[in-house]
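Fit chain S to the given chain V structure using the hints.
Protein chains: 2
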Amino acid sequence: MGEVLVVGSVAFDTIETRAGRREEILGGSASFASLAGALQAPFRIVAVVGEDFPQEHIDLLRGRGIDTAGIERKPGRTFRWSGRYANDFSTRETLDTQLNVFEQFDPKLPEAFRRSDVLLLGNIVPELQLRVLDQMIERPRLVAADTMNFWITGRRDALLRVLERIDLLLINDEEAFQLSGEKSLVRAARAVQALGPRKLVIKRGEHGAFLFDELELFYCPGFPLDDVIDPTGAGDSFAGALLGWIAHHGPDASLRRALVRATAVASFGVQGFGVEGLRDLREENVVERMEALRRLVAI
Amino acid sequence: MGEVLVVGSVAFDTIETRAGRREEILGGSASFASLAGALQAPFRIVAVVGEDFPQEHIDLLRGRGIDTAGIERKPGRTFRWSGRYANDFSTRETLDTQLNVFEQFDPKLPEAFRRSDVLLLGNIVPELQLRVLDQMIERPRLVAADTMNFWITGRRDALLRVLERIDLLLINDEEAFQLSGEKSLVRAARAVQALGPRKLVIKRGEHGAFLFDELELFYCPGFPLDDVIDPTGAGDSFAGALLGWIAHHGPDASLRRALVRATAVASFGVQGFGVEGLRDLREENVVERMEALRRLVAI
Chain V
112 MGEVLVVGSV AFDTIETRAG RREEILGGSA SFASLAGALQ APFRIVAVVG
162 EDFPQEHIDL LRGRGIDTAG IERKPGRTFR WSGRYANDFS TRETLDTQLN
212 VFEQFDPKLP EAFRRSDVLL LGNIVPELQL RVLDQMIERP RLVAADTMNF
262 WITGRRDALL RVLERIDLLL INDEEAFQLS GEKSLVRAAR AVQALGPRKL
312 VIKRGEHGAF LFDELELFYC PGFPLDDVID PTGAGDSFAG ALLGWIAHHG
362 PDASLRRALV RATAVASFGV QGFGVEGLRD LREENVVERM EALRRLVAI
Chain S
112 MGEVLVVGSV AFDTIETRAG RREEILGGSA SFASLAGALQ APFRIVAVVG
162 EDFPQEHIDL LRGRGIDTAG IERKPGRTFR WSGRYANDFS TRETLDTQLN
212 VFEQFDPKLP EAFRRSDVLL LGNIVPELQL RVLDQMIERP RLVAADTMNF
262 WITGRRDALL RVLERIDLLL INDEEAFQLS GEKSLVRAAR AVQALGPRKL
312 VIKRGEHGAF LFDELELFYC PGFPLDDVID PTGAGDSFAG ALLGWIAHHG
362 PDASLRRALV RATAVASFGV QGFGVEGLRD LREENVVERM EALRRLVAI
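These protein sequences, in sequence, are chains V and S.
Quick note, the first sequence lines up with residues 112 to 410 if you use our numbering.
Quick note, the second sequence lines up with residues 112 to 410 if you use our numbering.
Isolated chain V (complex conformation):
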């Protein structure tokens, strides 16, 4: 069973949804991804926090077998984000962003992390994603990356260099349209694959996710939930669970099942604020929901 190295953010989120409000709870792409995948593989985090970051959050991650040796503590305050979701969750408004120590994030990989089976380059400046890749002693078996609209327009050249060096890109449909200039999902996917990543996952939130592999196309619907509490981090949880599956199952891993796993885990994530839905997640519950997804589409 391989390890998954995640480079991303660890943050405090203040969140308002129709279900309520929470202040300064644990968030950040690396937190969500590692907690989501931890049931299946040992995760390692590279991130930065401030002096105000409490030991209890570190303990929470460690309690799930996550190696936090790469979480650097720097003078100053931890990254903070605050947002409010529309009642139907179709949009969200960022109320406040304080990058704090994250502004000068310069990922330094502990020696032991420089060989990892699977690498997830979280959504950070593409130049930093490249610097992480350069620190690996051996190229990981699978390199995955996330990105966002901000880098697609503002850091396109660096992002294109990242795309040439990764195996799997995870983006949402709007980002695929933006990156490719195409208007249909199928055309956009082909254009993005031509930029480098042989595997492409296009996430559509509650509408599920597409996997464009070299030869095949797979689709997994979102899990129909009675209620959503907080969608923050759903994409990161999805990515973490996907890569946890791939690390656990090795070179013969079924990517279709990995997508089903990722969908199931992410659906638990949005049923609580922040990492509430992930921190106590049990294997049997994930397996049950994967089976429900199988039945949902069985013809």
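Keep in mind the hints are simulated off the structure, nothing from the lab.
Note that this is a predicted model, so its numbers are computed, not measured.
Some hints here could point you the wrong way.
Note that identical chains are pooled: a pair holds if it fits in a single copy or bridges any two copies.
[What the hints assert, rightly or not] Straight-line alpha carbon distances no greater than 20 angstroms define the calculated EDC-like cross-link-like pairs of lysine to aspartate or glutamate that follow:
1. K294 / D338
2. K185 / D217
3. K219 / D324
4. K294 / D199
5. K294 / E238
6. K185 / D170
7. K294 / E127
8. K310 / D337
9. K294 / D337
10. K185 / D268
11. K219 / E238
12. K310 / E183
Then chain S, alone, in the frame of chain V:
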């Protein structure tokens, strides 16, 4: 093999999409539904047209085995609708609606139509849907209905009476939210089913469709197309193909496969303007696309 009786509109559509513009082409819910289902069952139409309606359209329908004896020709002009779609097809703008003879539509069922295996009450005033039901000598094995936001708010009482008398309701997600007052799809579906229809199909356009049956939940994704030409009538094509399958396969018809069939047929429909994508549809092409949908979700 049973027959399908469709009561709805036959119209002239003027349509503008990013793919081009067409003027006064054949449209209307009954045209789309009957052409979409005609490969599998004999369809019968009840509708009204004006003096300007050309024989060639009647011939087109008849050429696909559709019984047009219930298309009444009245003094005046045929129903006209004109619309323009946004470039990403997420919204459309109605430019003009001329109800013309459709304004006084009073469906009269030919004697032979009053016994039909399956009945589709197209999206017309709920009071007219009730009047159609009253004209049936025997209750059809399956009664399905479509409706819209306009009737949900403006004719709620009559619509509730319709819901008590049908087996299957086909609506989109916004209509389900509006009708139920619920915000989650799953809750909305249960609330709508409690109003009468034991089977409920919630359409989400390119995002696929859910079937809520008494005991089970099934989901079929939209077929991922390289390009969409004109989405007009997609919901009607979907309904027609679904009911064609049910009429063809009888009481043991798999509703899951009916949904896959409906998705496949509707996807051909949106690849041409108006009924272009349906008028020459061949069984082997539909079967091939159903198989592609099966592979798309095979885990």
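- prompt: Out of the numbered hints, which ones does the structure contradict?
  reply: Numbers 3, 5, 10 and 12 - these are the hints that the structure violates, sorted from lowest upward.
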